[in-house]
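A.B. asks: Here are the chains, one letter per residue:
Protein chains: 4
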Amino acid sequence: MQSLEELQRIRVPQFEEVLGKPFPILDDGFVRVIDYMGSDEAVVQAARVSYGKGTRKVSEDRMLIRYLMRHRHTTPFEMCEIKLHLRVPMDCWRQWIRHRTASVNEYSTRYSIAIDASQTTPPDGWRLQATQNKQGSSGFLDPETGRRLSDQEKELQDLARKVYNDRIATGIAREQARKDLPLSTYTEAYWKIDLSNLLHFLSLRMEANAQYEIRRYAETIGNEIVRLWCPHSWEAFHDYVLHAVTFSADELQVLSAMLAGGADGAFRAAGELEWLETKDGRLRQNYERAEFEEKLKRQGIAVPWGEDAQAVV
Amino acid sequence: MQSLEELQRIRVPQFEEVLGKPFPILDDGFVRVIDYMGSDEAVVQAARVSYGKGTRKVSEDRMLIRYLMRHRHTTPFEMCEIKLHLRVPMDCWRQWIRHRTASVNEYSTRYSIAIDASQTTPPDGWRLQATQNKQGSSGFLDPETGRRLSDQEKELQDLARKVYNDRIATGIAREQARKDLPLSTYTEAYWKIDLSNLLHFLSLRMEANAQYEIRRYAETIGNEIVRLWCPHSWEAFHDYVLHAVTFSADELQVLSAMLAGGADGAFRAAGELEWLETKDGRLRQNYERAEFEEKLKRQGIAVPWGEDAQAVV
Amino acid sequence: MQSLEELQRIRVPQFEEVLGKPFPILDDGFVRVIDYMGSDEAVVQAARVSYGKGTRKVSEDRMLIRYLMRHRHTTPFEMCEIKLHLRVPMDCWRQWIRHRTASVNEYSTRYSIAIDASQTTPPDGWRLQATQNKQGSSGFLDPETGRRLSDQEKELQDLARKVYNDRIATGIAREQARKDLPLSTYTEAYWKIDLSNLLHFLSLRMEANAQYEIRRYAETIGNEIVRLWCPHSWEAFHDYVLHAVTFSADELQVLSAMLAGGADGAFRAAGELEWLETKDGRLRQNYERAEFEEKLKRQGIAVPWGEDAQAVV
Amino acid sequence: MQSLEELQRIRVPQFEEVLGKPFPILDDGFVRVIDYMGSDEAVVQAARVSYGKGTRKVSEDRMLIRYLMRHRHTTPFEMCEIKLHLRVPMDCWRQWIRHRTASVNEYSTRYSIAIDASQTTPPDGWRLQATQNKQGSSGFLDPETGRRLSDQEKELQDLARKVYNDRIATGIAREQARKDLPLSTYTEAYWKIDLSNLLHFLSLRMEANAQYEIRRYAETIGNEIVRLWCPHSWEAFHDYVLHAVTFSADELQVLSAMLAGGADGAFRAAGELEWLETKDGRLRQNYERAEFEEKLKRQGIAVPWGEDAQAVV
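Protein chains in written order, with this note's numbering: chain A, 1 to 313; chain B, 1 to 313; chain C, 1 to 313; chain D, 1 to 313.
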């Protein structure tokens, strides 16, 4: 296996420069690194325990890390651990906490007075309901109307805080006084997670469909923190997860037809999947076809049944 | 091991009568059982796989279950699973969701309009901040002052809902419109957990120190649901966990002295632990001594250094 | 949300016919279903709690399940639970138990006499070490030499059992007597897991790279059990996970070039990735290129740099 | 909360002296510390995030840690992480791996040749089957007979290794060649776990009932490693978990009676629990009574129904 000489802790000097430094997010949030264990080096070290001496001759660390990421060998990435200090609106935290594979110590509003800060929205920051995606937003409200909503938001947040302070002054227990604080109230937490689970969190929360607020945190954690901490792992995650595309069994048939013969074959393959049913001379809505078109377009590949057909949907 | 004849699913007929029935909690919450797998019988069945044929001769199911509970053999209790439908204020849900060993599907306020109900407080329902326990409550506000707080609560909740509705009407995305809803807003969720982890949840949330709201849910789940579903496991949990008392190494020394010789020995033992330091002729505050006194009193056992000493603390 | 009328447990009548029935695997192993909770119907039920009334109008169950699977919305699949009884060689169990998201009760060889059965290998069942894949096998030993190994295997297993029996007869503790049993000794366990985690297990253990023994169990659980229990989920898993292919950022560039212009563009794109370096007039070994070629070939797509180039590698 | 100045990683200088140093266990096993994150200081730091500024004035770190341990506030202890390198017999590892809350990279005998070492037993090291505790051992075999068993053990282990080597030489895949290695074969692993889960592991595996082999590892990890790494947490664990005793609801009744009035009351209380049933003039076997007697005796407290009664059981 490996020789048993004394060891030093693994350190990443350039990363230690950001320890404790808050990366600002939203109007009053942040992420800071509190401590960490391991690095790319620890991933390699762990993989080599699994594979024994044999691996020694295999290429270098970067290649090994890329291999592990590509083949979903996730356990070596669990050997790195990071502890972050977060300041985040409670509404965002409600989503965050659904990830069960982390350790958490949150600021207690049973024990202490609630943090006196809420996420506020500027007049040009009100997002419109998406019509395609029932759980997303798309575009912004005009700033004049937004002004009205921002004023209303301030009025509501001010009243909520006044009521909270009044309850506290009246002697009400903190655990009950907080009950009508708005979800936009900031909370803070220590959040500790291993690299494998962190990357999984990032793969879900850096996605275009993730809600704007948590996506902002995820992007900062990924691009500012993980990239500095474990650069090879981050690069491999980038190439094999974040910017990879998965094609379903059905999609592969159309793709193969496209590669084999061009438009005709592709039409036939899509037709067999009932992707090209029409109504009144136009393609009917079909989610699987639409998602395939979306994947092609993101790669700059032409949709075989044409832009027009697409436009009709 | 066991014969391999065909099996029937384990059923608990008297329990199936409550399937789907909401047990009301707080002003507008509930717990309902949606489905379950296993029962006391499944605990025994699993234990017998571990122990092989040998156990057959051992006493009957109730005794085996008590033995498992007493000796922290938790894995057989994981063989039972329950799925509940909850309606609970978001503030309470924030505590609930910290238990990471359950499966959860929560009502999505990104996807759908937020539930139009908030937990309200009657004039005589305002709890006062505890002074001893920094994170608890103790006693109630007088109802006259409470009336003012209840009115104020209604005003705030009404405004918050009006603002929410206005945002929705203006076309704001649901994911953003919800940002200032009060923590008292009800949410709903399916919550699925195994019996072992459920009992752990109950041991923490049925405790006197747990916040009133979540304690009400935990009591209902324990006393109304688990008791009916797995009566032997519930009884064993009652005897060996809920109503058991753990004495620390230090406490055991005082207890032993009390049993051996009475007050003198107990004084000496407590003295050696520096529990009986005085200031101005009175016992100084000492958390470990206070907790020991509390345990004795709950069992109706006299505190060796007397009521007076106690009163002084 | 949903109406609160009384509920029946979800049942899958055709699935209940296999309850308790052992599916034989290897020479002396099996898998049996002991109990289950939920089905495709429970996945839909849970998704509708998340999405609220809104979803009602959306298409039917199968489409919803396909949508959830495609978009990695895994939590509704956690709402189904299954409990299996396994008989499996300890060596295989060593791999199995690495999946941490299940509940387990294993037959105890501390408590009971070890099961008197070991996995045996027929003369034509000895697999040769793969040379490409350091952790795999490839092809079989000739049966004559295999005969010698099978005889030797029997001799070793017989001695091991004799030694075990002798220790037991001498009064040695079972926990110590077992210490030299071969890894091929069968063990039994109850294994309980939710559908989401089970599918993840199957995605790893039905893969061509998984070891033969555990792959045999995984195939039986997938094809014989899950397919019957949750047919829509199984179909979706099949299409979107098992038979899906993920292309990395690099691979997508080559693929796009192939779709856009054919061989020339593909050569250029691959060249930029340094996939086509040569040595002595032949392509150098390159893992990422080789994996891409493998993906193309599995879809019946021609490798742009030709069969010859490929053969050289 | 806390000021946001730059931070240094938490270090425990005296602990770093043991990094990489193998602590030998059994005949050829060891535990070594590879890396760590946090310490007692991190526990306190995390607790103070939960409790906010308020806690600052509260006593010092040791007291806070003791409070957290006593009240089962486990999350701050999750903020410390340790990574160990283990060398352990596979049979012992089979128990170890049942703890699901750790990260693991084990030496792969699919990828590499199996470690050429097995746990051996000296002639005076053969433990006899306990009669009281069906899953334990008690006392030792006489060394003469033990000599025979040790010789036999060597013969079996030698044959197993010869067969393994022969298979490898014949070209059999490593994944299959290993199938008849004895459970006593050593394996190695990196094992990473947080302090809270590690203490839970230790509470189960340092118990008198844990099997000798794993207990030896647990004792070393506790007494040599955790004690040095997190001395306050270790002390608190010692006092409030390892050397604490839990009395059930029934036991508390007898204990209360003993404290109130001595033997008479205790007899009455025990009688009501049906602990003192007799048969042929002797106390019948009763597990709960026997366990209570055991607890008393460990504290040096006399059993109220006398030594004789006890002897009869």
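Note that these hints are calculated values from the structure, not bench results. In this text, all values refer to a predicted model and were calculated from it rather than measured experimentally. Some hints could be false.
No distinction is drawn between identical chains; accordingly, a pair holds when it is met within one copy or between any pair of copies.
Straight-line Cα separation of at most 20 Å, SDA-like style, residue types lysine to any residue; simulated pairs [unchecked claim]:
hint : residue 1 : residue 2
1    : K295      : V241
2    : K21       : E6
3    : K279      : D158
4    : K154      : N165
5    : K134      : L259
6    : K162      : E60
7    : K154      : A117
8    : K295      : H71
9    : K134      : R282
10   : K162      : R284
11   : K279      : I115
12   : K21       : G306
13   : K154      : E235
14   : K162      : G136
15   : K134      : T75
16   : K295      : R227
17   : K297      : I97
18   : K162      : L204
19   : K154      : Y287
20   : K295      : A244
21   : K297      : L259
22   : K154      : T170
23   : K134      : I168
A.B. asks: What are the numbers of the hints that this structure violates, sorted from low to high?
C.D. replies: 3, 5, 6, 9, 10, 11, 12, 13, 14, 16, 17, 18 and 19
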